[in-house]
Structures are given as C-alpha cells and as structure tokens.
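The sequence shown lines up with residues 6 to 41 when you count with our numbering.
Keep in mind that a hint or two might mislead.
Restraint-style ranges between C-beta atoms, simulated for each label pair [unchecked claim]: (1) Lys39 <-> Asp10: 28 to 34 Å; (2) Asp21 <-> Lys41: 39 to 45 Å; (3) Lys39 <-> Gln18: 38 to 44 Å; (4) Met32 <-> Asp10: 27 to 33 Å; (5) His19 <-> Lys39: 28 to 34 Å; (6) Asp10 <-> Leu40: 37 to 43 Å; (7) Asp10 <-> Ile34: 33 to 39 Å; (8) Gln18 <-> Leu40: 43 to 49 Å; (9) Lys41 <-> Asp10: 27 to 33 Å.
Honestly, the hints are just simulated from the structure, not real lab data.
Keep in mind it's a predicted model, so treat the numbers as computed, not measured.
Quick reminder that beta carbons are idealized off the backbone N, C-alpha and C, glycines included.
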Amino acid sequence: SYAFDLGYISQAQHDDWLRSYAHIYGMLINLREKLK
C-alpha cells in the first residue's frame, strides 16, 4: 500500500535526509554570520 511504502522509504532515508538538512542549515547559518 502507499502508506506502507511511504513509511518504509522515510525509515530508510531518514538518516540521509537529516544529514542533508543539517548540512544545508549549517551553510545558511555560516552565510548569515558572514553577511553581518
């Protein structure tokens, strides 16, 4: 079912997604610091 597939995918890619998000977030913070 669709819901099951979605849950499985989010479970499998959760760590990768978190790493990507943290990386992008960190870059945004660095940019803000440089622009001050």
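Right, here's what the structure says about each hint:
{"no.": "1", "hint": "Lys39 <-> Asp10: 28 to 34 Å", "in the structure": "violated, 42 Å"}
{"no.": "2", "hint": "Asp21 <-> Lys41: 39 to 45 Å", "in the structure": "violated, 32 Å"}
{"no.": "3", "hint": "Lys39 <-> Gln18: 38 to 44 Å", "in the structure": "violated, 31 Å"}
{"no.": "4", "hint": "Met32 <-> Asp10: 27 to 33 Å", "in the structure": "holds, 31 Å"}
{"no.": "5", "hint": "His19 <-> Lys39: 28 to 34 Å", "in the structure": "holds, 31 Å"}
{"no.": "6", "hint": "Asp10 <-> Leu40: 37 to 43 Å", "in the structure": "holds, 42 Å"}
{"no.": "7", "hint": "Asp10 <-> Ile34: 33 to 39 Å", "in the structure": "holds, 34 Å"}
{"no.": "8", "hint": "Gln18 <-> Leu40: 43 to 49 Å", "in the structure": "violated, 32 Å"}
{"no.": "9", "hint": "Lys41 <-> Asp10: 27 to 33 Å", "in the structure": "violated, 45 Å"}
The structure shown violates the earlier hints numbered 1, 2, 3, 8 and 9.
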